[in-house]
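The primary structure of each chain is shown beneath.
Number of protein chains: 2
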Amino acid sequence: MACTTNAFALSLSSTPNPNLPSDFNPKLTKPLTVSLRGSGTADLNLGRLALSRHTQLTRRICANATQVTMDQSVAAPTIVEVDLGNRSYPIYIGSGLLDQHQLLQKHVHGKKVLVVTNTTIAPLYLDKVVDALTRGNPNVSVENVILPDGEKYKNMETLMKVFDKAIESRLDRRCTFVALGGGVIGDMCGFAAAAFLRGVNFIQIPTTVMAQVDSSVGGKTGINHPLGKNLIGAFYQPQCVLVDTNTLDTLPDRELASGLAEVIKYGLIRDAEFFEWQEKNMEKLMARDPDALAYAIKRSCENKAEVVSLDEKESGLRATLNLGHTFGHAIETGFGYGGWLHGEAVAAGTVMAVDMSYRLGWIDSSIVKRVNDILLRAKLPTTPPETMTVEMFKSVMAVDKKVADGLLRLILLKGPLGNCVFTGEYDRKALDDTLAAFCKS
Amino acid sequence: MACTTNAFALSLSSTPNPNLPSDFNPKLTKPLTVSLRGSGTADLNLGRLALSRHTQLTRRICANATQVTMDQSVAAPTIVEVDLGNRSYPIYIGSGLLDQHQLLQKHVHGKKVLVVTNTTIAPLYLDKVVDALTRGNPNVSVENVILPDGEKYKNMETLMKVFDKAIESRLDRRCTFVALGGGVIGDMCGFAAAAFLRGVNFIQIPTTVMAQVDSSVGGKTGINHPLGKNLIGAFYQPQCVLVDTNTLDTLPDRELASGLAEVIKYGLIRDAEFFEWQEKNMEKLMARDPDALAYAIKRSCENKAEVVSLDEKESGLRATLNLGHTFGHAIETGFGYGGWLHGEAVAAGTVMAVDMSYRLGWIDSSIVKRVNDILLRAKLPTTPPETMTVEMFKSVMAVDKKVADGLLRLILLKGPLGNCVFTGEYDRKALDDTLAAFCKS
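Protein chains in written order, with the working numbering: chain A, -3 to 437; chain B, -3 to 437.
Treat each hint with caution, since some may be false.
Identical chains share a label here; the pair holds if one copy fits it or two copies do between them.
Here are the computed lysine-lysine pairs in the BS3-like style, where the Cα-Cα straight-line distance is at most 27 Å [what the hints assert, rightly or not]:
hint, residue 1, residue 2
1, K161, K390
2, K365, K410
3, K375, K365
4, K294, K309
5, K276, K375
6, K148, K390
7, K161, K148
8, K410, K309
9, K102, K161
Hints listed in this document are in silico derivations from the structure and should not be mistaken for laboratory results.
Could you build the full structure based on these sequences and the hints that come with them?
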């Protein structure tokens, strides 16, 4: 397949081109032309991008190029609106959105921006984001703070580094924080924005499937405590979520799979049709087919946005988004933060929740099988780590946020595919049996 | 003067009487009668209350007794409503309110309560508050965390002790936090409540004039950062504020004066009549005349509630409550947290703001004189500590929350008594001249 591309190809460079004027805007220029043929290599400046996924890069470029050829301009993003009254905001989804500077800039408040990112993402996308924030916008100054990467750093000590940097940089209430990274960065930056000077604006730029389909949307922010996940935080909504699907090109396979655990969740709890689509398209998702990924992200965001709009503060419905998470958080906490990725723990937790639902007689065995099958195809674990004991599960689950007046409430499937309940009314024996079945001791 | 009292006298005991049934409720019993004559001593169980203010205690008892004699029951509290839509709440003000258990209990959510207090207040009032929470209410269990006392402990490290205790006690989202103490406790407990599990209910029981007239009302919560006061926090409203004026009996004189700095502030920024009343009654306030104190607290809360209702998140009007605070925070931060009490720093800061207002030609010299006079009568400082330099003021003021896009906005008096402005539009020379006038270097 042959295709032509234009200035979009510049998006592959993570550093601004010094030969271009500072107010250069690809949207306004005459297209450059780069020819790519078949699966051959292309002489593009790939900057600091990882080259290991060359084939996918090429595929994506062609997809962009097709769009461009059709539109004769940059592609308009898909927009999913999160409807929360005066706290409503858009989720922009698309390829190359970080090259559409005005998209980001129109959501920046004040003259100072603090980009919060980590040691993995900074070399890949920090320059690009700074460029997107400042190009043609010389009044804005951008600071950054680069945190260590990983769930085990999602704690108060790391959070304080964000406050230190913000205060040293003399940021004021009119500044904007930008979360550039996965779920850990989004949660920490969001909580820092919620608490800095009692609240400043922030923007989410998620760079993992996990963050793009779930954690960046809906305003749940926070940090972990040694005794439990996300126990300290705030409900605090961003100004916008900007999902540039190109950032997934550098995502490791294991992280990709982790994110798919949340995609599968939406199907199970409320969107049977989406689950069936996933059953047909899992190999495409795993192979990073851009159209399949874009659809999965969009449909996930639509599901999330709808739930969040109906129940922002999780008085009921929103809790259903935590299918598998109570078991999963126990795995993450008990096994040590960062031992497993969040989505891996959620996958095993989902199998446990589904097992328990079946023991209660609430679902058919066919659903149990389908859940196991799809998770295995996504290369996700379907049992907890062998070191997890019944006691470890019970002690962490006792401090879960869904405990109310001492009663642990769980999200369990009930009825046909796509239906679930959030309830504390279940036979305790089913929970004990599930824990016993999945733990060696 | 002779007076009789009834079960109210029990409020002087900080421990429950073991001879009374656990569901004993003073409101429902036949009054006990204790006779007090003149200023003589009374044989009451004063428990762990400080005895040094014997005369004032006696006076308060008589005031209560008068009310009781008139009502033939416990006195109804004065109620000031903070009108914030679905986040509205009452401020109860009165003598002996901690003996009216139902008043507190009706605002407790869930079955678990965490009382956050400090090493000074716990021996005086913790048992009393636990009794008020649990009497006739056996389903509620109460945990407590006792923090070190003082502004220098209002930091992330101390805050973590609250989270640790809450999580170890397996508190869930339906729990209630109770702040029992002065402004530091209220600010920290409030922020902990805002962030624990992304938000749980909390109640303010302020025990200092500072907290009763200002910090407990309006939902500003937070902690200090080494580089500036209250830089990390949340706007988070309590379920109610319960001001039992009896708790002031144990307040040191210096703390009493500190609180009066905020009382004076309300007069200066928006209530000239109240300022004039203070000019007539400052000696009564300093002598802890209960009627004068009760009036000052009520009028202050009315002013605060009105401002907060109009501008909860401090987009403009609410900032005027910070008269003297920008200079004051610089003193607190520069001189070291806890070196001066908050109100002492605000008093000196108010003199500086008034001086600057006069230099700008915005007020008459008569106001300058009246502010100095009333602060001196309240035994409050009218100049900053000698060690404060111009540079120290400037560096701390640069990170003040009222800086916007690099411009420091100040609250300054302008026009007749009771009028002020919140503005960044002032001659910088006036600020420089004020700093030079109040600093040796």
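Cross-check of the supplied hints:
1. K161 to K390: between (39 Å within a copy, 19 Å between copies)
2. K365 to K410: within (15 Å within a copy, 75 Å between copies)
3. K375 to K365: For K375 and K365, the Cα distance is within 27 Å only inside one copy (15 Å; across copies 77 Å).
4. K294 to K309: within (23 Å within a copy, 34 Å between copies)
5. K276 to K375: Cα proximity of K276 and K375: one copy only (16 Å, versus 79 Å across).
6. K148 to K390: Only inside one copy: K148 and K390 sit 21 Å apart there, 38 Å across copies, limit 27 Å.
7. K161 to K148: Result: close both inside a copy and across copies, 21 Å intra and 21 Å inter.
8. K410 to K309: Only inside one copy: K410 and K309 sit 24 Å apart there, 43 Å across copies, limit 27 Å.
9. K102 to K161: Cα proximity of K102 and K161: one copy only (24 Å, versus 43 Å across).
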